[in-house]
Amino acid sequence: MGHNVEILYALISALEKEKSINLMSRREMEGTLHRLGLVQNDNPEMVLKAGKALGVNFILFGQVTKKSGQIIAQVKLMDVENATVLNTWDQIFSGREDILHKSSSFAMELRGTIEKRELYLPPSPPPKAQTQIEIHIKNLRAKSKGKTIVLSWKCDPSQPIAGFNVYRAENREGPYRFLGKTNKNIYNDANIKKRKYYYYHIGII
Numbered sequence: 051m052g053h054n055v056e057i058l059y060a061l062i063s064a065l066e067k068e069k070s071i072n073l074m075s076r077r078e079m080e081g082t083l084h085r086l087g088l089v090q091n092d093n094p095e096m097v098l099k100a101g102k103a104l105g106v107n108f109i110l111f112g113q114v115t116k117k118s119g120q121i122i123a124q125v126k127l128m129d130v131e132n133a134t135v136l137n138t139w140d141q142i143f144s145g146r147e148d149i150l151h152k153s154s155s156f157a158m159e160l161r162g163t164i165e166k167r168e169l170y171l172p173p174s175p176p177p178k179a180q181t182q183i184e185i186h187i188k189n190l191r192a193k194s195k196g197k198t199i200v201l202s203w204k205c206d207p208s209q210p211i212a213g214f215n216v217y218r219a220e221n222r223e224g225p226y227r228f229l230g231k232t233n234k235n236i237y238n239d240a241n242i243k244k245r246k247y248y249y250y251h252i253g254i255i
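According to the working numbering, the sequence shown holds residues 51 to 255 in order.
Each hint should be verified, as a subset may be incorrect.
What the hints assert, rightly or not - Restraint ranges, calculated between C-beta atoms of paired labels, are given here:
1. K193 with K99: 26 to 34 Å
2. Y249 with K99: 16 to 24 Å
3. D148 with K195: 32 to 40 Å
4. K244 with N54: 22 to 30 Å
5. G87 with E168: 32 to 40 Å
6. E78 with P207: 46 to 54 Å
7. L190 with K69: 37 to 45 Å
8. R146 with K195: 41 to 49 Å
9. N233 with E80: 40 to 48 Å
10. K117 with D206: 44 to 52 Å
11. N238 with S208: 23 to 31 Å
12. N107 with I255: 34 to 42 Å
13. V55 with Y247: 17 to 25 Å
14. D206 with R146: 52 to 60 Å
Claimed, not checked - With a straight-line cut-off of 27 Å between C-alpha atoms, the simulated DSSO-like cross-links for lysine-lysine are:
15. K204 with K152
16. K234 with K246
17. K231 with K204
18. K126 with K102
19. K117 with K231
20. K126 with K246
21. K197 with K152
22. K193 with K231
23. K188 with K246
24. K234 with K204
25. K126 with K231
26. K243 with K117
27. K197 with K234
28. K243 with K231
29. K188 with K204
30. K67 with K197
31. K188 with K231
32. K231 with K166
33. K195 with K246
34. K99 with K126
35. K246 with K102
36. K152 with K117
37. K69 with K166
38. K195 with K243
39. K234 with K195
40. K244 with K99
These aren't lab readings, by the way, just hints derived from the structure by calculation.
These numbers were taken from a predicted model, which means no experiment stands behind them.
Using N, Cα and C, we set each Cβ at its ideal position, and we do this for glycine too.
The whole structure should be built from the sequences, with the hints applied where relevant.
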């Protein structure tokens, strides 16, 4: 049994014990994807397409590698309805026993992210009747600085703003992934790859 399968089964078992998340069976999922000609992978766009085809609210995806004797799993949670990657986890395991040991705490963290998903989502536009109190982000700029992209923006300092949420996508249409929070009008994105285009969205807290 591969490490990815061990992690999958351990997490499914832990989530079933939580009894707060309804899971689609793996057989049903694979059967539906096969009929529709969709392939399982860790591309967010394809994951979003698969999630819509399956009719699920959330889909967990990622990849598992092994390095220096350690099992490294990068896991992402996609909110299908809002086309947003809510969170990304980098889990490191030493072996099968460690996978079983850590799966329960990871399941609890996963449940917490789903329950508090509003904190990770881009803000919805306010109703038209409230346009007079909208707070706008202006002059959003992205400047490459070495291995970092420096974001800066402006907004009305007289408005009650607690901070900002930063989101990023590799396509203008999304899906957008939550990067982090800041209480300043500047944010450094150091998790970038060469020859990639990025699109950003700033949400007001």
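We went through each hint and held it up to the structure:
no.: 1; hint: K193 with K99: 26 to 34 Å; verdict: holds (33 Å)
no.: 2; hint: Y249 with K99: 16 to 24 Å; verdict: holds (19 Å)
no.: 3; hint: D148 with K195: 32 to 40 Å; verdict: holds (38 Å)
no.: 4; hint: K244 with N54: 22 to 30 Å; verdict: holds (27 Å)
no.: 5; hint: G87 with E168: 32 to 40 Å; verdict: holds (34 Å)
no.: 6; hint: E78 with P207: 46 to 54 Å; verdict: holds (52 Å)
no.: 7; hint: L190 with K69: 37 to 45 Å; verdict: holds (43 Å)
no.: 8; hint: R146 with K195: 41 to 49 Å; verdict: holds (43 Å)
no.: 9; hint: N233 with E80: 40 to 48 Å; verdict: holds (45 Å)
no.: 10; hint: K117 with D206: 44 to 52 Å; verdict: holds (48 Å)
no.: 11; hint: N238 with S208: 23 to 31 Å; verdict: holds (26 Å)
no.: 12; hint: N107 with I255: 34 to 42 Å; verdict: violated (24 Å)
no.: 13; hint: V55 with Y247: 17 to 25 Å; verdict: violated (34 Å)
no.: 14; hint: D206 with R146: 52 to 60 Å; verdict: holds (55 Å)
no.: 15; hint: K204 with K152; verdict: violated (42 Å)
no.: 16; hint: K234 with K246; verdict: holds (26 Å)
no.: 17; hint: K231 with K204; verdict: holds (16 Å)
no.: 18; hint: K126 with K102; verdict: holds (17 Å)
no.: 19; hint: K117 with K231; verdict: violated (31 Å)
no.: 20; hint: K126 with K246; verdict: holds (20 Å)
no.: 21; hint: K197 with K152; verdict: violated (33 Å)
no.: 22; hint: K193 with K231; verdict: holds (19 Å)
no.: 23; hint: K188 with K246; verdict: holds (24 Å)
no.: 24; hint: K234 with K204; verdict: holds (10 Å)
no.: 25; hint: K126 with K231; verdict: holds (18 Å)
no.: 26; hint: K243 with K117; verdict: holds (21 Å)
no.: 27; hint: K197 with K234; verdict: holds (21 Å)
no.: 28; hint: K243 with K231; verdict: holds (21 Å)
no.: 29; hint: K188 with K204; verdict: holds (5 Å)
no.: 30; hint: K67 with K197; verdict: violated (43 Å)
no.: 31; hint: K188 with K231; verdict: holds (18 Å)
no.: 32; hint: K231 with K166; verdict: holds (15 Å)
no.: 33; hint: K195 with K246; verdict: holds (15 Å)
no.: 34; hint: K99 with K126; verdict: holds (15 Å)
no.: 35; hint: K246 with K102; verdict: holds (26 Å)
no.: 36; hint: K152 with K117; verdict: holds (19 Å)
no.: 37; hint: K69 with K166; verdict: holds (17 Å)
no.: 38; hint: K195 with K243; verdict: holds (13 Å)
no.: 39; hint: K234 with K195; verdict: holds (18 Å)
no.: 40; hint: K244 with K99; verdict: holds (26 Å)
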